[in-house]
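Engineer: Each chain, written out:
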Amino acid sequence: MALFVTENVSKHYAGHVALDKVSIEVPHQSIFGLLGPNGAGKTSLIRIINRITGPDEGKLYFDGEPLHPRHINNIGYLPEERGLYRKMRVGEHAMYLARLKGLSKREATIKLKEWFEKFSIENWWNKKVEELSKGMQQKVQFIVTVLHEPELLIFDEPFSGFDPINVSILKEEILKLRDKGATIIFSTHNMESVEELCDHIALIDRSKKILDGKVSDIKKQYRSRTYRIVFDHFDGIISNHLDDGFKILNEEEDEDHRYASISLGEGVQSKDLLQRLAPHININAYNEVIPTMNDIFISAVKDNEGK
Amino acid sequence: MRKILLVIQREYLTRVRKRSFIVMTILGPILMASAFVVPMYLATLTDDKEKVVTVLDETGWFYEKFADTEEFNFEYTTEDLESAKFDMVEQDDFALLYIPRRELTVPSSAVLYSLKQPGVDMKSYIRNVMSKEVELQKLRINLDEMDLSEEDHERAMKLPELIKTSIQLSTMKIDETGGEEETFTEIMMAVAFTSGLIIYMFIFIFGAQVLRGVMEEKTSRIIEIMVSSVKPFQLMMGKIVGIAMVGLTQFLLWVLLTFTIVSVFQVSFADQMPGPDVRMAITNQGTEGIAKTTPDTSEIARVFEIIDSIQYEVILLSFLFFFLGGYLLYAALFAAIGSAVDSETDTQQFMLPVTLPLFLSFIVANIVVYDPDGKVAIWFSMIPFTSPVVMMARIPFGVPIEQIWISAGLLVLGFIFTTWLAARIYRTGILMYGKKVSYKELWKWITYKN
Numbered sequence: 000m001a002l003f004v005t006e007n008v009s010k011h012y013a014g015h016v017a018l019d020k021v022s023i024e025v026p027h028q029s030i031f032g033l034l035g036p037n038g039a040g041k042t043s044l045i046r047i048i049n050r051i052t053g054p055d056e057g058k059l060y061f062d063g064e065p066l067h068p069r070h071i072n073n074i075g076y077l078p079e080e081r082g083l084y085r086k087m088r089v090g091e092h093a094m095y096l097a098r099l100k101g102l103s104k105r106e107a108t109i110k111l112k113e114w115f116e117k118f119s120i121e122n123w124w125n126k127k128v129e130e131l132s133k134g135m136q137q138k139v140q141f142i143v144t145v146l147h148e149p150e151l152l153i154f155d156e157p158f159s160g161f162d163p164i165n166v167s168i169l170k171e172e173i174l175k176l177r178d179k180g181a182t183i184i185f186s187t188h189n190m191e192s193v194e195e196l197c198d199h200i201a202l203i204d205r206s207k208k209i210l211d212g213k214v215s216d217i218k219k220q221y222r223s224r225t226y227r228i229v230f231d232h233f234d235g236i237i238s239n240h241l242d243d244g245f246k247i248l249n250e251e252e253d254e255d256h257r258y259a260s261i262s263l264g265e266g267v268q269s270k271d272l273l274q275r276l277a278p279h280i281n282i283n284a285y286n287e288v289i290p291t292m293n294d295i296f297i298s299a300v301k302d303n304e305g306k
Numbered sequence: 000m001r002k003i004l005l006v007i008q009r010e011y012l013t014r015v016r017k018r019s020f021i022v023m024t025i026l027g028p029i030l031m032a033s034a035f036v037v038p039m040y041l042a043t044l045t046d047d048k049e050k051v052v053t054v055l056d057e058t059g060w061f062y063e064k065f066a067d068t069e070e071f072n073f074e075y076t077t078e079d080l081e082s083a084k085f086d087m088v089e090q091d092d093f094a095l096l097y098i099p100r101r102e103l104t105v106p107s108s109a110v111l112y113s114l115k116q117p118g119v120d121m122k123s124y125i126r127n128v129m130s131k132e133v134e135l136q137k138l139r140i141n142l143d144e145m146d147l148s149e150e151d152h153e154r155a156m157k158l159p160e161l162i163k164t165s166i167q168l169s170t171m172k173i174d175e176t177g178g179e180e181e182t183f184t185e186i187m188m189a190v191a192f193t194s195g196l197i198i199y200m201f202i203f204i205f206g207a208q209v210l211r212g213v214m215e216e217k218t219s220r221i222i223e224i225m226v227s228s229v230k231p232f233q234l235m236m237g238k239i240v241g242i243a244m245v246g247l248t249q250f251l252l253w254v255l256l257t258f259t260i261v262s263v264f265q266v267s268f269a270d271q272m273p274g275p276d277v278r279m280a281i282t283n284q285g286t287e288g289i290a291k292t293t294p295d296t297s298e299i300a301r302v303f304e305i306i307d308s309i310q311y312e313v314i315l316l317s318f319l320f321f322f323l324g325g326y327l328l329y330a331a332l333f334a335a336i337g338s339a340v341d342s343e344t345d346t347q348q349f350m351l352p353v354t355l356p357l358f359l360s361f362i363v364a365n366i367v368v369y370d371p372d373g374k375v376a377i378w379f380s381m382i383p384f385t386s387p388v389v390m391m392a393r394i395p396f397g398v399p400i401e402q403i404w405i406s407a408g409l410l411v412l413g414f415i416f417t418t419w420l421a422a423r424i425y426r427t428g429i430l431m432y433g434k435k436v437s438y439k440e441l442w443k444w445i446t447y448k449n
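Read top to bottom, the protein sequences are chains C and Z. Numbering-wise (numbering that gives the first Met the number 0), the first sequence opens with residue 0 and increments by one. Numbering-wise (numbering that gives the first Met the number 0), the second sequence opens with residue 0 and increments by one.
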């Protein structure tokens with residue numbers, strides 16, 4: 000069952016439509032990628048989920064119940080553009096945000112100490128926020144977002160500003176949170192991290208949802224029956240050995256090898272391609288080209304533009 | 000509610016702990032107290048050592064005419080000028096007064112030689128004594144020519160003293176019980192003007208803090224994090240109330256510290272406090288000699304009496320109310336401005352309509368202290384945007400209680416209105432970036448439903 004559901008949510012701002020009947024279902028204990036080009040309406044949707052603004056139309060459900068103000072303490076939100084009070088001390092600031100989320104002073108102290116230890120930043124407690132670098136501040140922000148152990152976490156571009164080491168620490172923590180039961184909505188432009196983390200995605204473009212579902216299903220859906228072969232140099236061209244059932248998408252070569260991507264026509268199977276080519280060339284590698292999320296993103300958005 | 004309290008707490012604590020707050024809290028009372036204390040202290044600074052003024056009087060008119068004061072001892076010499084000058088330097092006397100002889104005419108000039116610059120009081124004292132003496136001698140010469148009887152002559156000689164009058168204008172205010180209360184317009188004006196000025200300054204200073212606080216939250220994008228756990232309205236009100244408490248804390252500390260400093264000073268300097276004549280010498284450079292001080296001493300006593308008779312409780316209570324009311328009214332507007340703009344430079348176009356009535360009220364307050372019950376005063380002390388400053392400038396003079404209630408009621412309505420207005424602008428503006436905001440846009444924000 001889905002933890003969070005939006006049903007035909009629409010939002011208009013003076014003169015333009017930010018969201019047009021967007022329906023998504025975020026399954027329990029999943030990492031849900033909310034994708035889309037800049038200005039597509041992701042932030043509007045996230046703000047509605049957070050109850051920062053209300054939808055003009057549509058319904059929202061949290062764990063089966065209509066979204067209610069009390070659910071807010073069960074949501075953690077790490078916005079894309081984020082800041083902290085520069086003049087406050089780190090520990091004090093973290094306490095403040097934790098207590099605004101409804102934690103008692105005692106709880107907040109214990110949990111903060113735990114997390115500060117986990118990220119080995121205990122010695123930051125009495126530092127002023129302005130003494131921290133941007134990346135360091137993001138760590139603190141991440142901690143206060145997850146501190147109250149909400150059921151739903153919303154991360155908007157969580158990795159921006161982090162070095163690769165911290166990105167991998169953070170990814171690990173996000174996966175751990177999911178494994179402990181949290182559901183995560185993850186908005187990003189970094190398609191690699193989507194591949195790595197997300198179970199489900201929804202793609203929003205120009206205020207409409209244009210694609211959603213399980214990542215594995217979507218990938219299947221976008222398979223184009225394209226194969227890539229790597230073979231030794233030889234005198235000749237492979238097209239001489241192929242007929243209309245095969246379409247060569249591109250050919251490259253370097254010192255050691257030649258490469259070709261070939262898409263298979265109707266009624267042709269991958270073994271047919273091998274059978275045709277094997278007698279003529281030395282094949283080093285042969286594999287199906289699985290579309291990356293990047294490819295899917297681009298092609299889905301382009302298709303939508305054509306409409 | 001718990002969240003609002005947390006916001007208030009943060010806003011309050013971060014500001015109260017700031018170095019600038021502590022410095023201002025200490026510096027303010029020192030400045031204010033020094034306004035009371037420095038004149039008192041200066042009065043005690045008169046040298047213990049007696050200052051000797053040697054009089055070299057070639058005319059012989061002024062022998063023994065200069066009465067010694069607490070500060071100066073007059074001695075008379077008959078040496079020639081050169082050796083008198085030499086003696087003065089030698090004996091480290093304060094000054095040498097040389098009155099040269101004038102054949103055929105009455106003495107009309109004198110020279111005061113001194114090593115240090117002589118004070119104004121000293122010069123005016125000498126001038127007074129001399130001109131009085133010369134006047135008296137002239138009178139005697141004239142009377143001699145008139146051939147009067149011994150008795151008339153004597154009476155005529157006393158005339159200048161007899162006709163001498165000094166006019167003191169005191170105003171009496173009669174309160175409802177029919178009792179007389181002595182007031183002293185100038186003191187009241189000073190009190191009225193100061194209270195108006197302080198309210199004006201407080202609204203400006205702390206209103207600007209609200210503006211800057213809101214802008215800080217917006218430009219540094221803290222707001223993005225905050226709005227997921229607190230409602231914009233809670234955040235705005237928390238900030239406004241928190242800063243109001245900072246203002247009140249500062250004000251109360253000022254009052255407390257000023258009183259402490261002044262009274263500590265009064266106690267520790269009590270025995271060194273100047274006697275009536277010296278205080279006299281400072282306040283009065285008038286027509287009378289230092290020796291004759293009685294009427295003026297009582298005048299000073301009366302000034303103190305009036306200062307004591309001011310109803311501090313009333314002024315303090317109305318100050319607190321009108322400060323809070325005025326602050327809440329303007330702070331909401333400042334918060335709205337802060338939420339609507341992206342940078343300091345964009346604030347200008349919206350600041351003017353907010354600061355204009357505030358500034359106007361300050362100008363009106365300047366007029367009001369001269370005419371506290373005039374039409375201008377009454378009207379401007381009713382309009383919520385000007386009433387805090389203007390009413391405060393009227394209250395020390397005594398304002399009918401029903402007028403205070405009406406003004407207070409209107410002020411409460413006023414700040415409820417501006418808070419409502421500001422909340423509607425704030426909730427939209429605070430999350431709106433990169434848009435040059437116009438008044439038309441603001442109007443849209445105010446009118447559209449959530």
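These are computed hints drawn from the structure, not numbers from a lab. Hints are not guaranteed to be accurate.
[Said to hold, decoys possible] Quick list of in silico lysine to any residue cross-link-like pairs, SDA-like style, CA-CA up to 25 Å:
(1) C/K86 x Z/L26
(2) Z/K230 x Z/Q249
(3) C/K104 x Z/K50
(4) C/K112 x Z/L315
(5) Z/K50 x Z/Y11
(6) C/K133 x C/L169
(7) Z/K443 x Z/L316
(8) C/K86 x Z/D151
(9) Z/K434 x C/V16
(10) C/K126 x Z/K163
(11) Z/K2 x C/P65
(12) C/K110 x Z/K2
(13) Z/K443 x C/R50
(14) C/K133 x C/S103
(15) C/K127 x Z/S19
(16) Z/K439 x C/H11
(17) Z/K230 x C/K126
(18) C/K112 x C/D178
(19) Z/K435 x C/K104
(20) Z/K2 x C/L146
(21) C/K110 x Z/V229
(22) C/K86 x Z/M244
(23) Z/K443 x C/N49
(24) Z/K230 x C/E79
Engineer: Would you mind marking each hint as holding or not holding in the structure?
Structural biologist: Here is how each hint holds up against the structure:
Distance restraint check for C/K86 and Z/L26: the Cα-Cα separation of roughly 23 Å lies within the 25 Å cut-off, and the hinted pair is therefore satisfied. The hinted pair formed by Z/K230 and Z/Q249 fails the criterion: a straight-line CA distance of about 29 Å is larger than 25 Å. A C-alpha spacing of about 71 Å is found between C/K104 and Z/K50, which places the hinted pair above 25 Å, so the restraint is violated. Of the supplied pair hints, the one linking C/K112 and Z/L315 is violated, its CA atoms being roughly 47 Å apart against a limit of 25 Å.
Proposed proximity of Z/K50 and Z/Y11 is contradicted: the alpha carbons are some 57 Å apart, above 25 Å. At most 25 Å may separate the alpha-carbon atoms for a hinted pair to count; C/K133 and C/L169 meet this at roughly 15 Å. With a CA separation close to 40 Å, the supplied pair Z/K443 and Z/L316 exceeds the 25 Å bound. Among the hinted pairs, C/K86 with Z/D151 is inconsistent with the structure: their alpha-carbon atoms are about 87 Å apart, more than 25 Å.
Restraint check: the Cα-Cα separation between Z/K434 and C/V16 comes to about 17 Å, which is no more than 25 Å; the hinted pair holds. Of the supplied pair hints, the one linking C/K126 and Z/K163 is violated, its CA atoms being roughly 76 Å apart against a limit of 25 Å. For the suggested pair Z/K2 and C/P65, the alpha carbons sit about 23 Å apart, so the restraint of at most 25 Å is met. Proposed proximity of C/K110 and Z/K2 is supported: the alpha carbons are some 20 Å apart, at most 25 Å.
Distance check on the hinted pair: Z/K443 and C/R50 sit about 21 Å apart at the alpha-carbon level, within 25 Å; holds. Distance check on the hinted pair: C/K133 and C/S103 sit about 28 Å apart at the alpha-carbon level, beyond 25 Å; violated. Between C/K127 and Z/S19 the alpha-carbon distance is near 17 Å, which keeps this suggested pair within the 25 Å criterion. Of the pairs offered as hints, the one joining Z/K439 and C/H11 holds, with about 18 Å between alpha carbons and a cut-off of 25 Å not exceeded.
Annotation: proposed proximity of Z/K230 to C/K126 is violated, straight-line Cα distance about 28 Å (limit 25 Å). With a CA separation close to 22 Å, the supplied pair C/K112 and C/D178 stays within the 25 Å bound. A threshold of 25 Å between alpha carbons decides the hint, and for Z/K435 with C/K104 the separation of about 41 Å lies outside it, so the pair is violated. Simply put, Z/K2 and C/L146 have alpha-carbon atoms about 17 Å apart, close enough for the 25 Å limit, and the pair holds.
For the proposed pair C/K110 and Z/V229, the alpha carbon gap of about 21 Å is at most 25 Å, so the pair holds. With a CA separation close to 20 Å, the supplied pair C/K86 and Z/M244 stays within the 25 Å bound. Distance hint between Z/K443 and C/N49 is fulfilled; the C-alpha atoms sit about 24 Å from each other, no more than 25 Å. Of the supplied pair hints, the one linking Z/K230 and C/E79 holds, its CA atoms being roughly 19 Å apart against a limit of 25 Å.
Consistency with the previously given hints fails for numbers 2, 3, 4, 5, 7, 8, 10, 14, 17 and 19, ordered from lowest to highest.
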